[in-house]
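If you read the sequences in order, they're chains A and F.
Taking the numbering used here, the leading residue of the first sequence gets 15, the next gets one more, and so forth.
Taking the numbering used here, the leading residue of the second sequence gets 3, the next gets one more, and so forth.
It is possible that some hints are incorrect.
What follows is a list of derived Cβ distance ranges for each label pair [to be verified]: (1) Gly51/F with Asp175/A: 38 to 46 Å; (2) Leu114/F with Ser180/A: 52 to 60 Å; (3) Gly103/F with Asn328/A: 28 to 36 Å.
Here are a few chain A residues that sit away from chain F, every Cβ distance over 12 Å (derived from the structure) [unchecked claim]: (4) Ser180; (5) Ala196; (6) Leu207; (7) Ala323.
By construction, these hints were calculated from the structure, which means they are not laboratory data.
Ideal Cβ placement from N, Cα and C applies to all residues, glycine included.
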Amino acid sequence: MTSKRDTWRPTASKEMLRLRAEILAKIRSFFAEREVLEVVTPLLASAPVTDLHLQALSCRYRGPGADGGRDLFLQTSPEFAMKRLLAAGSGPIYQICKAIRDGEAGSMHNPEFTILEWYRPELDHHTLMDEIDELLSSILGADTGERLTYAEAFERHARIDPLRASAAQLGSRARDLLSGEAPNLGDDRNGWLDLLLSHAVEPQLGNGRPSFVHDWPADQAALARVRPGDPPLAERFEVYVEGVELANGYHELTDPAEQRRRFEADIEARRLAGLPTPPIDVHLLAALEHGLPECAGVALGVDRLVMLAAGTRNIADVLAFPIDRA
Amino acid sequence: MATYNLNSVKVGLKILVDRDPCVIVGTDVVKPGKGQAFTKVKYKNLKTGRVNERTIKASESFDGADVMEKEMQYLYTDGRTWTFMDQDSYEQVEADAAAIGDMQQWMKEEDLCLVTLWEGNPIVVTPPNFVYLEITETDPGVKGDTSGGGNKPATLETGAVVRVPLFIQIGEKIKVDTRTGEYVSRA
Chain A
15 MTSKRDTWRP TASKEMLRLR AEILAKIRSF FAEREVLEVV TPLLASAPVT
65 DLHLQALSCR YRGPGADGGR DLFLQTSPEF AMKRLLAAGS GPIYQICKAI
115 RDGEAGSMHN PEFTILEWYR PELDHHTLMD EIDELLSSIL GADTGERLTY
165 AEAFERHARI DPLRASAAQL GSRARDLLSG EAPNLGDDRN GWLDLLLSHA
215 VEPQLGNGRP SFVHDWPADQ AALARVRPGD PPLAERFEVY VEGVELANGY
265 HELTDPAEQR RRFEADIEAR RLAGLPTPPI DVHLLAALEH GLPECAGVAL
315 GVDRLVMLAA GTRNIADVLA FPIDRA
Chain F
3 MATYNLNSVK VGLKILVDRD PCVIVGTDVV KPGKGQAFTK VKYKNLKTGR
53 VNERTIKASE SFDGADVMEK EMQYLYTDGR TWTFMDQDSY EQVEADAAAI
103 GDMQQWMKEE DLCLVTLWEG NPIVVTPPNF VYLEITETDP GVKGDTSGGG
153 NKPATLETGA VVRVPLFIQI GEKIKVDTRT GEYVSRA
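When you get a sec, could you build the whole thing from the sequences and use the hints?
What follows is the structure in structure tokens.
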């Protein structure tokens, strides 16, 4: 146990702070070599993402231009602002910044964390995965990753078809596979899929080499484009290394009408779940109206990258000060 | 009784699981970046000592268990129940064989034990880490041999059997570590 007197101290060792600095320098030179521009966008935003499972912290600004105060949100990722830059013609861009998510703290989560996000006009999600392979090779010394679909990942590691199984079938599988007792998620199909993914599939991914899991269920598309088919699939991917979810990327949605429809569906889902219903980002919609170039983008957790490089499974080991010492 | 939601579960919290009192020994948040958050809760059943794991979703909660630990004096046993007294209130409680388990072999009248009470009833009794007990039976050792080589079984006044050095004799008091059941020294 750490005594109260010691809580002023950092939880990361000096070697870990040095490792983080080296990784940040490597990332910057990786993108400099590829002529991807480093950008900085605001941490404060007038509208947050609308995802059902991402909760933004809010705060109130008072000052010139905001007589009586203005509610602002701390970004959960810089994606909307970076897409506005892309629409304005920035070309390929990357950013290393803080992202803040309410409610997330544990061995793999800190509510305030470092994100590396980048966008590549003219690339699709598969060619972007090639570039991630190169980045992971240069930083972790990882071998070229395997590519598998979401359905293949579930079939291989949970022996169930995630696209066609019923909620009851998924629930019964979860009860078989979980080491402890599973919650009852009823007819919440996506809930059962999340439970199976995080407890049964994910721990087996990325062993020996990174796993790129692509072609997600269309109702978990987030901001990825959906490819028509039976069933339609989202051009979304996630990257796993040694059982750790490291990055999430999309072949980006560029259609403003579809974007608006997803915002509204998210808001409705949030209302039904009794969650706050934030405003929709009108700047992003206007940027899409103007025209977002065809592109792929990905967000990668830098703290987790440092954890993997250091071989630790506790995020506090790589943070100067985790939330309980903030 | 209090209920604890996902944001208030923490190590050390006493909760009810399937109507048994348990203590939380570990928690962690498991959440896919874009997916639903779950909390993994590891808990120890205070009656059986068994550790289990349960994954709960954000809207779930646990009922708190009215569990407290108290230092109490062991008074006597009638062979079926063991009676302890709260030295502040002089209130007495009776523990059954399930609560005592195999700890009875270390319990000497008037010793202070740590008693875990659930809704006022003892569910676990922990004797002091070190007890001082008299030897009632052991083979005669070699007199004058204090070199410490070799050992032999010895029965203590509470019925426990421990390995002691050869020079220890009947009637002597020894110090025993109840966590390991090992001889420490002459008392």
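Status of the hints after comparison with the structure:
| no. | hint | verdict |
| --- | --- | --- |
| 1 | Gly51/F with Asp175/A: 38 to 46 Å | holds (41 Å) |
| 2 | Leu114/F with Ser180/A: 52 to 60 Å | holds (59 Å) |
| 3 | Gly103/F with Asn328/A: 28 to 36 Å | holds (35 Å) |
| 4 | Ser180 | holds (18 Å) |
| 5 | Ala196 | violated (6 Å) |
| 6 | Leu207 | violated (8 Å) |
| 7 | Ala323 | holds (20 Å) |
Of the numbered hints listed earlier, those contradicted by the structure are 5 and 6.
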